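Chemist: Okay, here's what each chain looks like letter by letter:
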Amino acid sequence: MSDTLLKVRDLKIGATIYPPGEKPRDIEIVHGVSFDLAPGKVLGLIGESGAGKSTIGLASMAYGRGGVKITGGEVWVNGRDVLKSKLGDIRKLRGGEVTYVSQSAAASFNPAKKIMEQVVEAAVEQKKFSRKEAEARARTLFAKLGLPDPENIGERYPHQVSGGQLQRCMTALALCPEPDLVVFDEPTTALDVTTQIDVLMAIKEAIRDTGVAALYITHDLAVVAQVSDDIMVLKMGNTVEYGPVDQIINNPQEEYTQALVSVRSIEHEEKAPTAEPVLSVRNITARYKGTQFDVLHNVNVDLYPGQTLAVVGESGSGKSTLARVITGLLPPREGEIEFAGRTLSPDLKGRSREDLRELQMIYQMADVAMNPRQTVGTIIGRPLEFYFGMRGKEKRKRIIELLDEIELGEKFMDRYPAELSGGQKQRVCIARSLAAKPKMIICDEVTSALDPLVADGILKLLLELQKIEDVAYLFITHDLATVRAISDNIAVMYQGKVQRYGSKSKVLSPPFDDYTDLLLSSVPEMKLGWLEEVIAHRKMESAGN
Amino acid sequence: MSPVVKLLAQRIALSLLLLLLISVVIFAGTMVLPGDVAQSILGQSATPEALANLRAELGVNDPPVQRYFAWLFGAIQGDLGTALTSGQDISEALASRFWNTLFLAFWAAVVAVPLAIFLGLVAVRFKDRWPDKLISGVTLASISIPEFLIGYVLMYLVAVKLRWFPSVAMINDNMNLFEKLNAIALPIAVLTLVVLAHMMRMTRAAILNVMQSAYIETAELKGLNAFQVIYRHAFPNAIAPIVNVVMLNLAYLVVGVVVIEVVFVYPGMGQYLVDHVSKRDVPVVQACGLIFAAVYIGLNMIADIVAILSNPRLRHPK
Chain A
7 MSDTLLKVRD LKIGATIYPP GEKPRDIEIV HGVSFDLAPG KVLGLIGESG AGKSTIGLAS
67 MAYGRGGVKI TGGEVWVNGR DVLKSKLGDI RKLRGGEVTY VSQSAAASFN PAKKIMEQVV
127 EAAVEQKKFS RKEAEARART LFAKLGLPDP ENIGERYPHQ VSGGQLQRCM TALALCPEPD
187 LVVFDEPTTA LDVTTQIDVL MAIKEAIRDT GVAALYITHD LAVVAQVSDD IMVLKMGNTV
247 EYGPVDQIIN NPQEEYTQAL VSVRSIEHEE KAPTAEPVLS VRNITARYKG TQFDVLHNVN
307 VDLYPGQTLA VVGESGSGKS TLARVITGLL PPREGEIEFA GRTLSPDLKG RSREDLRELQ
367 MIYQMADVAM NPRQTVGTII GRPLEFYFGM RGKEKRKRII ELLDEIELGE KFMDRYPAEL
427 SGGQKQRVCI ARSLAAKPKM IICDEVTSAL DPLVADGILK LLLELQKIED VAYLFITHDL
487 ATVRAISDNI AVMYQGKVQR YGSKSKVLSP PFDDYTDLLL SSVPEMKLGW LEEVIAHRKM
547 ESAGN
Chain B
663 MSPVVKLLAQ RIALSLLLLL LISVVIFAGT MVLPGDVAQS ILGQSATPEA LANLRAELGV
723 NDPPVQRYFA WLFGAIQGDL GTALTSGQDI SEALASRFWN TLFLAFWAAV VAVPLAIFLG
783 LVAVRFKDRW PDKLISGVTL ASISIPEFLI GYVLMYLVAV KLRWFPSVAM INDNMNLFEK
843 LNAIALPIAV LTLVVLAHMM RMTRAAILNV MQSAYIETAE LKGLNAFQVI YRHAFPNAIA
903 PIVNVVMLNL AYLVVGVVVI EVVFVYPGMG QYLVDHVSKR DVPVVQACGL IFAAVYIGLN
963 MIADIVAILS NPRLRHPK
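Going down the list, the protein sequences come from chains A and B.
So the mapping is simple: our numbering equals the position in the first sequence, first residue as 1, plus 6.
So the mapping is simple: our numbering equals the position in the second sequence, first residue as 1, plus 662.
Just to be clear, a hint being listed does not mean it is correct.
One side of the interface only, derived from the structure: several residues of chain A facing chain B at Cβ under 7 Å [as the list claims (entries may be wrong)]:
| id | residue |
| --- | --- |
| 1 | Gly101 |
| 2 | Ala113 |
| 3 | Asn116 |
Computed list of chain A residues with no C-beta within reach of chain B, every gap over 12 Å [claimed, not checked]:
| id | residue |
| --- | --- |
| 4 | Gly78 |
| 5 | Glu80 |
| 6 | Leu93 |
| 7 | Lys98 |
| 8 | Gln124 |
| 9 | Gln259 |
| 10 | Gly347 |
| 11 | Val540 |
With a straight-line Cα cutoff of 25 Å, these simulated PhoX-like cross-link-like pairs (lysine-lysine) come out [unchecked claim]:
| id | chain 1 | residue 1 | chain 2 | residue 2 |
| --- | --- | --- | --- | --- |
| 12 | A | Lys399 | A | Lys417 |
| 13 | A | Lys98 | A | Lys138 |
| 14 | B | Lys668 | A | Lys295 |
| 15 | B | Lys842 | A | Lys29 |
| 16 | B | Lys789 | A | Lys75 |
| 17 | B | Lys823 | B | Lys842 |
| 18 | A | Lys119 | B | Lys842 |
| 19 | A | Lys443 | A | Lys417 |
| 20 | A | Lys120 | B | Lys668 |
| 21 | A | Lys138 | A | Lys119 |
| 22 | A | Lys13 | A | Lys119 |
| 23 | A | Lys120 | A | Lys295 |
| 24 | A | Lys138 | A | Lys90 |
| 25 | A | Lys241 | A | Lys18 |
| 26 | A | Lys29 | A | Lys13 |
| 27 | A | Lys241 | A | Lys13 |
| 28 | A | Lys210 | A | Lys533 |
| 29 | A | Lys29 | B | Lys789 |
| 30 | A | Lys47 | A | Lys13 |
| 31 | B | Lys668 | A | Lys92 |
| 32 | A | Lys241 | A | Lys533 |
Quick caveat, the hints were computed from the structure, so don't treat them as lab data.
Values in this document were obtained by computation on a predicted structure and should not be read as measured data.
Where is the CB? At the ideal position from N, CA and C, for every residue including glycine.
Chain B on its own, in the form it takes in the complex (with noise of 0.2 Å):
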């Protein structure tokens, strides 16, 4: 077996052996926290009997173990049980609030990433004059000052005053692509502003960092321009470690969202989240963070297979 292939099987067998102990993890938990969930469905005024009787019928009593290997089959399997509160199937209403997230967390992307990049390589080209000064300066701030801050402010000045874009990000299976996205316009405008200064810093220090490699100088030397140089020499090197930083981001714009609905009322998972864990309902907490942490260990697994793969000498042995 070629060790490209060794490596990348290493790699993809590793996150799923994480995924597993994540799953030990949410579940253990969620077991310990405080709360009831059968005094919170029937209220304070609930008799110990009804509670008793509403508990064996929730399984709450089984032992532990046998109730993790229940869940854990269940969810491998795409059952991700039924909210206790509303006895509602996890796993249908997810479904939707899932890829609306997906929906969110993808345009937000296509805005921030490429942007990122261009940012960091126009900061490399004029490294320490102006350009470079006010890109790091304007990205810093707006990564300084809190997500829900920047998200009320701008409701405020674009929704509100200027009346542009909607203030409330209310998206259905009715509205064209058009509709949704002039919808969704604040929030991704919101999370761009979040992640764009950790990407566009790391592109700016990966290249460089190249930059001081004894190739770009034989690159100078052949008498290529600045972009010609950063764009076919530096940036193929630098690959892996802005990629790295991307897909932390991308990770956050899925995982990480959960304010940014709750402020425009967005109906992804953030929020059904939130309704949730207010409620206790412990199985629905257990999937979301099931699916988060696959989510992020998937994105860090893609990283590493991508920094893997830019490798020549492992793409190429001797």
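The shape of chain A in the complex, shown without the other chains (with noise of 0.2 Å):
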């Protein structure tokens, strides 16, 4: 065996374009680049979306994603160049000798078969080991992946394991053919926090117990950070840093990477409470149609004008439910809502017009919130007519405003959604709620789906709107940084009740109660052996119990 497992040579990937009303064209999405793995390591490949890290993950199992293909430079693995191999070749490379964990195991699960079946086919399939022994090793590694019940848990279907056991399952799948490198894509992405911190210790751990070298692909610098010895910091199909860990976290030569490791860097002061509350969630009791459960008990918040109230929990707590309460969307069992000095009506159609104008949303897709055939003028344009009658140049002069507000422009005005990235998407969004002039937003997970560096923009411009338009908001998140950047106040949510509710600071300083402890705990520091101290800490503490 050569002492460099997988080698990459001046990899250029290109891939075919629709632009809408033209004809397909071929881009190039990766423009050369070069890497070296040796056995037994993990290099991490980081990166915003589009920057390629998942496209040259899976180069190397000579794969190329819907309508990407290899266009030039060389993939050596084990010493043989697999762009030059033949199909069949290429069938024992994957599967066997390198194999894939991708971001969300629920979807790459399939859901007709159990989850034995699918770990062992690999492994089976190569003839690397029988049936028998593939599924002894499947056990083996579901034990050492902290699986419950590893003896029977194969025989279950995908859906009746949770989301952090799925992804777990998955890397069980990929070590059980004995590969010489596994390339993570994303696989703690899709996760809880809480969850992801196990899920993180699991992989490290298979990955140190198997000596398998890995690609772990990842938009979050603080996670690789625990798992990798080298980074390469790509953007735009481009190398922009590349070396030991240690050196791209603690001392990046690159500005993109400085920003990379600087990012989640806003500074708020939190305000003290005013003396109305512009809204007030009293003793919310809910639940959903047809269930017998209590998704929200006894919910009691504040928010006061002009502020943030930001409402953190994991997938579960409620938080989204507590918005469609407050929305009107879900009448609650019990309690009340009181908005701007009035009580709200429970159902929605028992509101005003001023009442709906007031309170507005924003969502976490921003993409599938517009009318995709609406030009951008015509989305923000539609609540400045539907709520204030205006028509014509005054309209039109009130749509330039929002859009400088937002940092758009005038040019903007005629776009269609599909033309706007990610992040000026989410801009048209805000800018159309504000268009209503409302005394309080609902921001449900807005930047969950954004890049980190493009959603420290959105915050920021979220924080100027705020002293600009006097506007409060009722912040949805489960991201702990985020709450940072943001909040004057924090509820923090745990099964439908309100663990921890206070202004920013009390909240997030000690004493804590074990279920904030463990959420804040467990949000990944951008420091190397991050990981491993709190493990360490957790253990200490369980030990002393």
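Combine the two chains into a complex, taking the hints into account.
Modeler: Structure follows, in structure tokens:
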């Protein structure tokens, strides 16, 4: 065996794009990337969406997703150039020498087949092990990855285990054929922060114990710092910086890397509560139609004019349900909503146009929240017509004002949503909600689908607009860095209850309750060895109890 | 009770309710049809007294509701009444013809369903290349031509010119299976051509839809070849829509063969129905309608049951 397992030289990858109304054309998305990976080492590929990191990862398996084609360069695995290999040899490589862990295990497992069948399939198909051996190996891996009931969990179907467990099953699937290289493509991105830390540790230990090499792809530099030996920073299909993890984190040379390392450094002084809250949620208990369980239990929170209340929690904590109750989409079983000094009708149908205007909402998925066949001008102009009856020149003037406020400008007026980037789309949604001159905006995970640097820009914009328009935000998020950046008050939600509530400084300083402590300590820090510290600390604590 | 059992019970109950409603519609529909059976039996020269006597004898003067229930309870016990024109017992006359229709439909299905699914799989494997386009083109052409025309064209070419198979699909109980199959080869060919396109295109569309899923990429990255990916990972998730369209076409094979049976003079239910519609023999029309409805509803119910059972989330709740 040669001493480099994976050698990539001047890799160029192209794709065919289909711009609306134009002829399809070929573009290059990765422009000559080179790197080496020794056996048993971990290389982190990091960059924002469109950087080409997943494309490069899949190229190591000679695979192009959709219309993606590898157009140039060399990819050597175990001393063979796989780009020149025959299809039959490539099949032996895939699932045998190189395996893949995807971002969403929930989507990557076949819902119609048992987990065990899928975990051993590649190992058996590639004749690495007999079915019996492979199944025994899978059970060992299940145990090693910390899955409950490792003897029998393989007999379940994918929908019968949780998201974090399925992600570990996917890791077992990748390790089962005893590959030389595993490509991890954002394996923890879709998980809750408290689940992520366990999966991350399981992956790290599995890499260490099996001596397998890995390409670890993620947009989160703090995560990749915990598992990698080397890091390559990518931007728009080019290498920005490539070196040992210590150098990239502690002494980045390039400006772009420095920006990634220092992302989320927004400073926001919390404001003291004023006399009258604009929104008071009083003793809200709610459940969905046809179910037997309350998803919100006696929730009480206040939001003050011109301030931000961050509602933070993991999936299933009830934070989005709270937004549905406030907007009237889900009438509560008990309790009431006071807004701007009046009690709101529990049901959307009972609310006046003024109620609707003063309480606006921005969503996580900006692209599905806009009509793709309307121009930006029409989208922002609609609330101006609907609430204020504006027409013609007056409306146009106001649209341009709003476009200037969101830092896009008049030239965006005639564009369609498909012509905008993710961050620009979210800005248009912000402008649309501001057009109604609301007292309060509910922001539901508005930065979760965006790259860190773009998300930073959106948060800065929201803070700026809050000063100008004096609007209050109810900011729903699972991301504690975002909470730190933007909030004045915080409500931590857990299993439908408000676990901890108060000013930012109070909620984020000790003494903590157990859940808030777990949540806060699970947020990855941009520091080498952080993962081991946290795990060691937790083990000590549980030993102490 | 487990959710699957409950769902299945609901689905079966719904089918029975639907069949009951259809029986009302059939009965009411045949009531409002114009024409007078007594007139058609006795002919134009019959005296008014003779007509009135015959009507009373046939029971057409009783209140409709009473007649409906009498008919329904009879039908549940397997007694479909007697044909007005011939005085024959309908259940008896229908039984052999129903089996003949099922015999034809069964063998047509045996040829058409596997062929359609296989062609669908091939079309997926060679998507947008010439095999896909050829399969789509030929099957679409065959579904676009009226079935009686295909029937006569095949009869002319294969039966008259080439003399491979008989042109008239007469079968009787004295024939062995091979002779029967030889006799019905042409109707089977026509029926296959008619139902192939629908099933093949649905198979292709359902599997292509599944092929977009992330788990297909996982399967490809395990080094499986294209047919393994389609057969092991795509097909099990495309069963529900495929079974649905297969059942719809099976129902068509039973219910919609009227034209083909007439073209090939096949002694099935379709011909029997057509004969008696022209004679205004209401009980026979009602009986055929009820049986066709039961077959149609039954097959669609089976499609739904397969769809429920093929969903692992319903079979294995959390």
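Chemist: Now look at each hint and say whether the structure bears it out.
Modeler: Results of checking the hints against the structure:
no. : hint                 : in the structure
1   : Gly101               : holds (4 Å)
2   : Ala113               : holds (4 Å)
3   : Asn116               : holds (4 Å)
4   : Gly78                : holds (22 Å)
5   : Glu80                : holds (21 Å)
6   : Leu93                : violated (9 Å)
7   : Lys98                : violated (6 Å)
8   : Gln124               : violated (8 Å)
9   : Gln259               : holds (35 Å)
10  : Gly347               : holds (45 Å)
11  : Val540               : holds (31 Å)
12  : A:Lys399 to A:Lys417 : holds (16 Å)
13  : A:Lys98 to A:Lys138  : holds (20 Å)
14  : B:Lys668 to A:Lys295 : holds (20 Å)
15  : B:Lys842 to A:Lys29  : violated (58 Å)
16  : B:Lys789 to A:Lys75  : holds (18 Å)
17  : B:Lys823 to B:Lys842 : holds (21 Å)
18  : A:Lys119 to B:Lys842 : violated (42 Å)
19  : A:Lys443 to A:Lys417 : holds (23 Å)
20  : A:Lys120 to B:Lys668 : holds (24 Å)
21  : A:Lys138 to A:Lys119 : holds (18 Å)
22  : A:Lys13 to A:Lys119  : violated (36 Å)
23  : A:Lys120 to A:Lys295 : violated (32 Å)
24  : A:Lys138 to A:Lys90  : violated (34 Å)
25  : A:Lys241 to A:Lys18  : holds (14 Å)
26  : A:Lys29 to A:Lys13   : violated (36 Å)
27  : A:Lys241 to A:Lys13  : holds (20 Å)
28  : A:Lys210 to A:Lys533 : holds (16 Å)
29  : A:Lys29 to B:Lys789  : holds (22 Å)
30  : A:Lys47 to A:Lys13   : holds (13 Å)
31  : B:Lys668 to A:Lys92  : violated (52 Å)
32  : A:Lys241 to A:Lys533 : holds (22 Å)
Of the numbered hints stated above, those contradicted by the structure are hints 6, 7, 8, 15, 18, 22, 23, 24, 26 and 31, listed in ascending order.
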